Amino acid sequence: MAIPRLAGAAPAYLQQQLSFFAAGKRTSFWMTPFARALTPQQMRAVAAYYAAQSAPVEADAEALVPVPAGRHARGQTVFETGGGGAGVMPCAGCHGPAGQGMGPFPPLAGQSAPYVLGQLRRWKRGSDRDPMGKIMVMEVRGMNDADMQAVAAFVQSLSGNGPGSGSGNAQ
Numbered sequence: 000m001a002i003p004r005l006a007g008a009a010p011a012y013l014q015q016q017l018s019f020f021a022a023g024k025r026t027s028f029w030m031t032p033f034a035r036a037l038t039p040q041q042m043r044a045v046a047a048y049y050a051a052q053s054a055p056v057e058a059d060a061e062a063l064v065p066v067p068a069g070r071h072a073r074g075q076t077v078f079e080t081g082g083g084g085a086g087v088m089p090c091a092g093c094h095g096p097a098g099q100g101m102g103p104f105p106p107l108a109g110q111s112a113p114y115v116l117g118q119l120r121r122w123k124r125g126s127d128r129d130p131m132g133k134i135m136v137m138e139v140r141g142m143n144d145a146d147m148q149a150v151a152a153f154v155q156s157l158s159g160n161g162p163g164s165g166s167g168n169a170q
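Sequential numbering of the sequence shown, starting at 0, is according to numbering that gives the first Met the number 0.
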């Protein structure tokens, strides 16, 4: 099971995701009961803690996957300009040119390829009740699996998130 890197994410984004888990708008075997046990004040504290953390310089070797030749370049193209298929918007438009996250959109830089690919495939299946996830369901409609793999590999290659790197434009 791949898990997301939370270090450096915008505190507002993290708090929102905790509230989605608590309300059942987003589900996870691990996160739903944890989030439901938190008070709003505790959610703010958890979000602030993770937002202030720096991502490790080296990710877990288990989380990193080798990137086949040509896939990195294709992933960069889709990330920066779209082009993964009809109506595919560039990831950078919402997640920032370096994948640092912008406003309500989380940082992608340094996320493991298996995690990103799993999320993209989940959205492609249309299985997301999270209001923000519904945006991604629309965004990945035109992507094929090869482009999803390429984007996941490219995102993994971006530098990790520093403290608060995703919080610059957070609302």
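You may find that some hints are simply not true.
With a straight-line Cα cutoff of 20 Å, these simulated EDC-like cross-link-like pairs (lysine to aspartate or glutamate) come out [what the hints assert, rightly or not]:
# : residue 1 : residue 2
1 : K123      : D144
2 : K133      : D144
3 : K24       : D129
Cβ-Cβ distance ranges computed for the label pairs, FRET-style [stated by the list, open to error]:
# : residue 1 : residue 2 : range
4 : A1        : E79       : 21 to 29 Å
5 : F33       : R120      : 20 to 28 Å
6 : R128      : Q40       : 22 to 30 Å
7 : A47       : A22       : 16 to 24 Å
For the record, the hints were derived by calculation from the structure and aren't laboratory data. Here the structure is a predicted model, which is why all the values come from computation and not from measurement. For glycine and all other residues, C-beta sits at the position ideal for the given N, C-alpha and C.
The hints, checked one at a time:
no. : hint                    : in the structure
1   : K123 to D144            : holds, 9 Å
2   : K133 to D144            : holds, 19 Å
3   : K24 to D129             : holds, 5 Å
4   : A1 to E79: 21 to 29 Å   : holds, 24 Å
5   : F33 to R120: 20 to 28 Å : holds, 24 Å
6   : R128 to Q40: 22 to 30 Å : holds, 25 Å
7   : A47 to A22: 16 to 24 Å  : holds, 20 Å
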